[in-house]
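Engineer: Here is what each chain is made of, one letter per residue.
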Amino acid sequence: MATEIKAPPYRVFNIAPAIQPGAMDGLKSFVANDKIQNDIGFPAFETEDWHDKAINKFSELLGKYRSLKVYLDACVHCGACSDKCHYFIGTADPKNMPVARQDLMRSVYRRYFTLPGKLFPWLVGARKLTREVMDEWYSYFYQCSECRRCSVFCPYGIDTAEITMAAREVLAAAGYGQKYANEIIGKVHKIGNNLGLPKAALEDTLEGVEEDTKEATGLDIRFPLDVKGAEVLLITPSADFFAEPHIDSLIGYAKVFHAAGISWTLSSMSSEAGNFGLFIGNYDQMRKIALRIRQAALELGVKRIVVGECGHAWRVAYSFWNTLIGVGDGANDPYAIELQNQLDHRYKQPMHICEVTWDLIQQKAISFDKEANDKHIITFHDSCNVARGSGMGDYPGGQFEIPRNIVKAAANHFFEMPEGTTHEKTFCCGGGGGILTDDLLELRVKGALPRMEALQTVVDAHGVNFMASICAICKAQFTKVLPYYGFDRRLIGGVHQLVSNAIKLGDK
Amino acid sequence: MPNIEVNGKSYETDEEGYLINLADWNMDVAQYIAQTENLNMTDNHWEVINFLREYYDEYQIAPAVRVLTKAIGKKFGPEKGSSQYLYELFPYGPGKQACKIAGLPKPTGCI
Chain A
1 MATEIKAPPY RVFNIAPAIQ PGAMDGLKSF VANDKIQNDI GFPAFETEDW HDKAINKFSE
61 LLGKYRSLKV YLDACVHCGA CSDKCHYFIG TADPKNMPVA RQDLMRSVYR RYFTLPGKLF
121 PWLVGARKLT REVMDEWYSY FYQCSECRRC SVFCPYGIDT AEITMAAREV LAAAGYGQKY
181 ANEIIGKVHK IGNNLGLPKA ALEDTLEGVE EDTKEATGLD IRFPLDVKGA EVLLITPSAD
241 FFAEPHIDSL IGYAKVFHAA GISWTLSSMS SEAGNFGLFI GNYDQMRKIA LRIRQAALEL
301 GVKRIVVGEC GHAWRVAYSF WNTLIGVGDG ANDPYAIELQ NQLDHRYKQP MHICEVTWDL
361 IQQKAISFDK EANDKHIITF HDSCNVARGS GMGDYPGGQF EIPRNIVKAA ANHFFEMPEG
421 TTHEKTFCCG GGGGILTDDL LELRVKGALP RMEALQTVVD AHGVNFMASI CAICKAQFTK
481 VLPYYGFDRR LIGGVHQLVS NAIKLGDK
Chain B
1001 MPNIEVNGKS YETDEEGYLI NLADWNMDVA QYIAQTENLN MTDNHWEVIN FLREYYDEYQ
1061 IAPAVRVLTK AIGKKFGPEK GSSQYLYELF PYGPGKQACK IAGLPKPTGC I
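First to last, the protein sequences are chains A and B.
Residue numbers for the first sequence follow our numbering, so the first one is 1 and each next one is one higher.
Residue numbers for the second sequence follow our numbering, so the first one is 1001 and each next one is one higher.
Where hints are given, some of them may not hold.
Computed list of lysine-lysine pairs in DSS-like fashion (alpha-carbon distance at most 27 angstroms, straight line) [stated by the list, open to error]: (1) Lys-179/A with Lys-1070/B; (2) Lys-1080/B with Lys-375/A; (3) Lys-214/A with Lys-57/A; (4) Lys-1080/B with Lys-214/A; (5) Lys-214/A with Lys-1106/B; (6) Lys-1009/B with Lys-190/A; (7) Lys-1075/B with Lys-179/A; (8) Lys-28/A with Lys-1106/B; (9) Lys-1070/B with Lys-375/A; (10) Lys-1096/B with Lys-504/A; (11) Lys-1074/B with Lys-1106/B; (12) Lys-1009/B with Lys-288/A; (13) Lys-1096/B with Lys-179/A; (14) Lys-28/A with Lys-118/A; (15) Lys-35/A with Lys-1009/B; (16) Lys-1080/B with Lys-53/A; (17) Lys-214/A with Lys-1075/B; (18) Lys-1075/B with Lys-375/A; (19) Lys-1074/B with Lys-190/A; (20) Lys-1096/B with Lys-1106/B; (21) Lys-1096/B with Lys-35/A; (22) Lys-118/A with Lys-57/A; (23) Lys-1009/B with Lys-199/A; (24) Lys-1070/B with Lys-28/A; (25) Lys-35/A with Lys-1106/B.
Hint data in this document are derived by calculation from the structure and do not stem from the laboratory.
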């Protein structure tokens, strides 16, 4: 009995807020106008037959996705999800409890698609789809970032994001689309990226970055565009060309390719990794967006396709590109087969830039002056779609380890945020899934609360001054909301920004 | 669509107050939009706004933040060539707020 008695470590308290009914009632992102809707083949707003269009779409989805029917039937209202949502934690609005948000749709499902709901709607909480219900759906299904944290805690494994996506699809089929997401999808179809960045502007931007990089390193590090016969086609979020701190990661990718001697190219026709078709739950839009990548890969004759730091893009690439466009096994149309034959299968297809960099580190093809990052005391924010919707490195948990391995290889000071706020239980930045728009800023600020609390603990304990992430949305969202919590907006950055700071170039 | 009224003339804007028609822009309209953003336009602001419009004329999009900082630094002095400087002028973010005053469409995407 001589063992030393130790007090157990403090627990991290997850305090569920006292509910404030109606706190976010009526918060509504801008509705897509008829032109935006028509540009992507969606119907106009407020036509007479909206109700039938909505119910028909609902019925179609139930027939197509058995998962949706299971999720709508299976919930027993145990409440395990209720306090797991960052938007509920931040807003205290009970309709932002995942179970309550789902019930906005579940109640309509019961009324139209279950026998008890058709016969005795008042007994089973079934309700008609009215204009008011549509408004409520629009408000609260665009207060969900489809981050799927609640699903981790659901004993039935209900994928809440899939319910949100279905609701958004029903809304859009009735003409009730979201301006932010649908306008962006239209730009991708027309120009090739979310920003609407035309080729000439992209060329000009890349030339500028090339000059800056030359000035900083003295080396000719290229940012190639539309180079036929390059080995790698890099598909990265267009924010990497445009915004801060995103562009610093772009420079990081270029340095990795340079140092390892890998020829690579960007494509002006397919200059976007992001795929907002996922956010609105629309398979056809998602496929149409992804097809540009296949077209670019075939035209440029590349051997490998690599994806830059973009969270949901990696989910789409990792989980869906195979059957969508034939990157990875699955699709069997002629172009998919052609692409399959063209790609070099000694490499994983597609590959995340973090996998590329980590492989090169292990092969000692690249190395670092870690001291170059000594001014940074770093933590890592897991992005939802990478953490809960994908993998890396072909082993369980690779998507958590590989980005951290890179950070630790490139820098000396790394600290984890509290358990329960990272890895598969990571909190959303508050701006994912089609929420990253100014008209939802209040929601974005409030939804960032749990991540900011977790960040504060490592700022206090270790003096953390850099939060690394691998998602363009996370970077943009934090740049905007960090100041509301008293942090410098430049506290957020990319993993390849750290790589860029420290990678040895020239003589390795 | 909502409208703004400047010197007795009406201009069409979107829900967020961005001008619908690029050609509608003039300095008075810019002044007016700046006021609604609680900004006092100085010569430093105009330098940025004019550059944005020139760039847009050539490329049909606003410049990337880095392109903007570099160009402003080259043209008007290295002390002005930083994103910090631009944030001081346009606290809501040089990308969006300055575009709005310059009468350009709002940049969209993960930015």
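Engineer: Now tell me if each hint is right for this structure.
Structural biologist: Hints, one by one, checked against the model:
no.	hint	result
1	Lys-179/A with Lys-1070/B	32 angstroms, violated
2	Lys-1080/B with Lys-375/A	25 angstroms, holds
3	Lys-214/A with Lys-57/A	54 angstroms, violated
4	Lys-1080/B with Lys-214/A	21 angstroms, holds
5	Lys-214/A with Lys-1106/B	31 angstroms, violated
6	Lys-1009/B with Lys-190/A	33 angstroms, violated
7	Lys-1075/B with Lys-179/A	37 angstroms, violated
8	Lys-28/A with Lys-1106/B	19 angstroms, holds
9	Lys-1070/B with Lys-375/A	25 angstroms, holds
10	Lys-1096/B with Lys-504/A	36 angstroms, violated
11	Lys-1074/B with Lys-1106/B	25 angstroms, holds
12	Lys-1009/B with Lys-288/A	43 angstroms, violated
13	Lys-1096/B with Lys-179/A	17 angstroms, holds
14	Lys-28/A with Lys-118/A	30 angstroms, violated
15	Lys-35/A with Lys-1009/B	26 angstroms, holds
16	Lys-1080/B with Lys-53/A	54 angstroms, violated
17	Lys-214/A with Lys-1075/B	20 angstroms, holds
18	Lys-1075/B with Lys-375/A	31 angstroms, violated
19	Lys-1074/B with Lys-190/A	33 angstroms, violated
20	Lys-1096/B with Lys-1106/B	6 angstroms, holds
21	Lys-1096/B with Lys-35/A	22 angstroms, holds
22	Lys-118/A with Lys-57/A	18 angstroms, holds
23	Lys-1009/B with Lys-199/A	36 angstroms, violated
24	Lys-1070/B with Lys-28/A	37 angstroms, violated
25	Lys-35/A with Lys-1106/B	16 angstroms, holds
The structure shown violates the earlier hints numbered 1, 3, 5, 6, 7, 10, 12, 14, 16, 18, 19, 23, 24.
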